[in-house]
Amino acid sequence: MIFNSLTFIIFLILVVTAYWLLPKKYKMWMLLFASCIFYGFWRWEYLSVMFVSALTDYFTAIQIEQTPISNIKKRKRLLAITLFVNLGLLIYFKYLFFFTENVNALSNILGVDFNLPLFKVLLPFGISFYTFETISYTIDVYRGLIKAERSFLNYGLFVTFFPKLVAGPIQRASELLNQLNYRPLFQSEFIAEGLKRILYGLFLKVMLADNISPLVDEAFALDSNTLSAIDVWTMAFLFGFQIYFDFSAYSHIAIGSAKLMGITIPENFNFPYLATSFKDFWKRWHISLSSWIRDYLYLPLAGVKVTETSGKVGIGEGLDKPDNKNSKTKALFLTWAIMGFWHGANWTFVIWGLYHASFIYLERKLKPIRKRYKIFDFNIVTWLITLLFAMLSWIPFRANNLQETFIMFQKILNPRNYLFYTMRENNYLITALLLLIMVITYYLNTYVEPKLNKLKWLSFIFHTVKYTIIIIFVFTFLRPISQFIYFQF
Amino acid sequence: MKINKRILQLLLAFLFAFSIIQFGFSGNTKFEDLALGTETSSYFAKNSFNEPIHISRIDDNEEPKFINTYKNSGKSKTVLFLGNSQTHSINQIKKDQINFIQIIDDSLNSSHSSVFCQSIPNANLQELLLSYLYWRNKIHIKTLVLPLFFDDLREDGIRDVFYPNLINERFLIADSSSFIVKKINKNLRSYWSQAILPKNNLELCQTVQERVENNLNVYFNDNVQSWNYRENVRGNFFVWLYKLRNTVFGIKANTVREMILKKYSDNMDALLFLLNKCKKEGVKVFIYIPPIRSDVSLPYHLEEYNKLKNDIKSICINNGYDCYFADFDNIIPGNMWGYKESTNLLDKRELDYMHFKYEGHQILADSIYKRLSYIK
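Order-wise, the sequence lines are chains S and W. Using the numbering used here, the first residue of the first sequence is number 64, and each one after it goes up by one. Using the numbering used here, the first residue of the second sequence is number 42, and each one after it goes up by one.
To be clear, the hints were calculated from the coordinates, so they are not data collected in a lab. Misleading hints may appear alongside valid ones.
As the list claims (entries may be wrong) - With a Cα cut of at most 27 Å, we get these calculated DSS-like pairs of lysine-lysine:
1. S:519 <-> W:87
2. S:87 <-> S:210
3. S:90 <-> S:183
4. W:116 <-> W:411
5. W:293 <-> W:303
6. S:368 <-> S:391
7. W:224 <-> S:183
8. W:116 <-> W:318
9. S:183 <-> W:227
10. W:135 <-> S:157
11. W:223 <-> S:183
12. S:529 <-> W:284
13. S:514 <-> S:139
14. W:87 <-> W:398
15. S:529 <-> W:46
16. W:112 <-> W:87
17. W:224 <-> W:87
18. W:46 <-> S:514
19. S:517 <-> W:46
20. W:318 <-> W:348
Construct the complete structure from the given sequences, taking the supplied hints into account.
Here is the structure:
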């Protein structure tokens, strides 16, 4: 089901009403059933894929817990089953076509008469998210950080809980299972907070992301050879804003929908474009994924033992942990290449990942220089540098292929390409405006609103007006024009 | 019972929001009229039986009546006009005044020809190509008349709002080898997910979500008044944004617009595709450079404007198309043009370069009619 649709709004009203009216013992069954309906509105048949992943981890986790720690072999074998099934599903649905295509291309280059059949299968919505959740659950049990869940109802709900099912935030079992076991009583605050988050999310999606989307599509459909450097920067910024609004909108709606039922889902974004370094960026962008990557990929690869599990803070926090410089660098580049590949079966995503790894690596290396020159003490300087290069990283992420990516990167390196522009003036204007609005919103949120909230009546009027405007826009622009970008991952 | 302050805030916000939509946007302003303002009015031509021969959108409301008129006409020769808002707008309109389409239809009444027209505000050539390819399946076209505006060649893409039936029918252009056709088809496909399909087309929905969403939209359209005002609110909002931009940057009607090369070339590709189709199908084409105010300086770079004229003339003459060209850019004197509602938030009105008064429609009708008589 798509969040930005009438169908979802009506579905959510029915589910939330039923949730608070039903006796405690039926609530969870109803939620599980509703989550299946939510998913089945896209394709019923793909529910089975999700349940294969869920059931595997449910049983293996219990088995792992029941196996004595001294029996390392069996525990590892059980863990391997989990990884084999979940990663197998991911590879089959997401990467098989890419692998066969690349093998065929390589054999053609080598002049070998060998062609594998191409497997093009429909990618099940949310597979990258729920497989990561189930894997992390089993690994946490393996590490002894959490207990295996015996109630299949609770466990099933942890995997299928509809607000975060299709595009995250990627939830840790320790965070959600606890809440499912100890459900709070009804509070009107849940409804108020939930509705506000949903309204914010819908506003970001239907008003901003969906209206930027045609500009981005149009720009990336242009022949990259004809673009100017100004165009490439504009396209990078425009897509950067689109994906941020789109994905943070999804997270807002997911968090809000769960909140309506008194369940807290961790935050996924924190003004990422105001980061003052790439490390900082990864504490603010897609926090639940980058925390996952930190705990289950980066730290193990760097040889660090993980002793706690949390979907908060992001990978930026883990970057300083390993002491061994060599393993640190290898882990960094490998982690980001995999992170890129997670986003999609295309070399452009790998380039995107390595681009980020390179900047983090550079930041590490240039740390002494950064400390030596006072100019870097000013946040505005580091913010501007980070913003420019973080935005530029969206070029490989959005470009249609590697060739286009490199052409666009070349464009920005040639000074002559800064002397003309080819797109409609509105595109440049909208980009500048969005940047300005983002900075103003951050300023208002961080500095003005807390002060305003102390003035009761003024704050009441201000927020009422703000929500009136948001509701008008959401009502007017609500159309399921496009899916959320992260659905395709 | 103590009401949560934040809930109260939201309830009030809902109440205010729906009151604003209900009472502030309830006027039945047509989308086509939103950008025209108050000084210019849209007028869609009718034939002598008062049947519609001129539409803007191809939707369930307009298309059946239009096709019905065609079937009733019984004329063997059909002249199809495609155009932009100049075609359906009359500046300072007075009672009983009609546009040049209706004047030409009246003039052709005694012959075996009938006139049909679709005009879309700021229509670019990709849209006009799409319109032609759609209508040729429904109407037997003998002659196609096409004005080519410099401004419209700065536009790009297909706007779904003017083609709901094409989107509902999943209409695509058959010859998908050309770049411009691929682009148009891609554009059309992008609207499929949001289309409200008629009941007999529901099988085109691939998922349960699409079916349910479609039915809900139909229900809301039929039963919730404010749901129907949404388009009006959206239109008003974009007009306001447009005016705000113009105010901030001091853009006025007479500000010089530049040619956008990529869009220009895409539109020219569309024109060439259209002319090739017409050639294959034996349809004569009459292309004219439309009238523009000549009593004040042009809002274009002269060399770019002349390039457009030369390009079109050369395409028409040199490629073996059955194509006729005329330049009507200064046939309408300055006093037959008027003002229009300002395109910024500060001024009340400004010069209108695009839409002329009824007298201008008479002159244009006369000029086109003479050429049509020659083309036969």
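Results for each hint:
1. S:519 <-> W:87: Violated. Residue 519 of chain S to residue 87 of chain W sits at ~61 Å, over the 27 Å cutoff.
2. S:87 <-> S:210: holds (23 Å)
3. S:90 <-> S:183: violated (39 Å)
4. W:116 <-> W:411: holds (20 Å)
5. W:293 <-> W:303: Holds, because 24 Å separates the two Cα atoms, which is no more than 27 Å.
6. S:368 <-> S:391: Cα-Cα ~14 Å, so holds.
7. W:224 <-> S:183: holds (24 Å)
8. W:116 <-> W:318: The given pair, whose Cα atoms are some 23 Å apart, holds under the 27 Å limit.
9. S:183 <-> W:227: Cα-Cα ~21 Å, so holds.
10. W:135 <-> S:157: violated (64 Å)
11. W:223 <-> S:183: Satisfied, since the Cα-Cα distance of roughly 23 Å is no more than 27 Å.
12. S:529 <-> W:284: holds (23 Å)
13. S:514 <-> S:139: Violated, at about 54 Å.
14. W:87 <-> W:398: Status holds; Cα separation ~18 Å.
15. S:529 <-> W:46: holds (15 Å)
16. W:112 <-> W:87: Satisfied, since the Cα-Cα distance of roughly 15 Å is no more than 27 Å.
17. W:224 <-> W:87: The given pair, whose Cα atoms are some 34 Å apart, is violated under the 27 Å limit.
18. W:46 <-> S:514: holds (18 Å)
19. S:517 <-> W:46: Holds, at roughly 14 Å.
20. W:318 <-> W:348: Holds. Residue 318 of chain W to residue 348 of chain W sits at ~24 Å (cutoff 27 Å).
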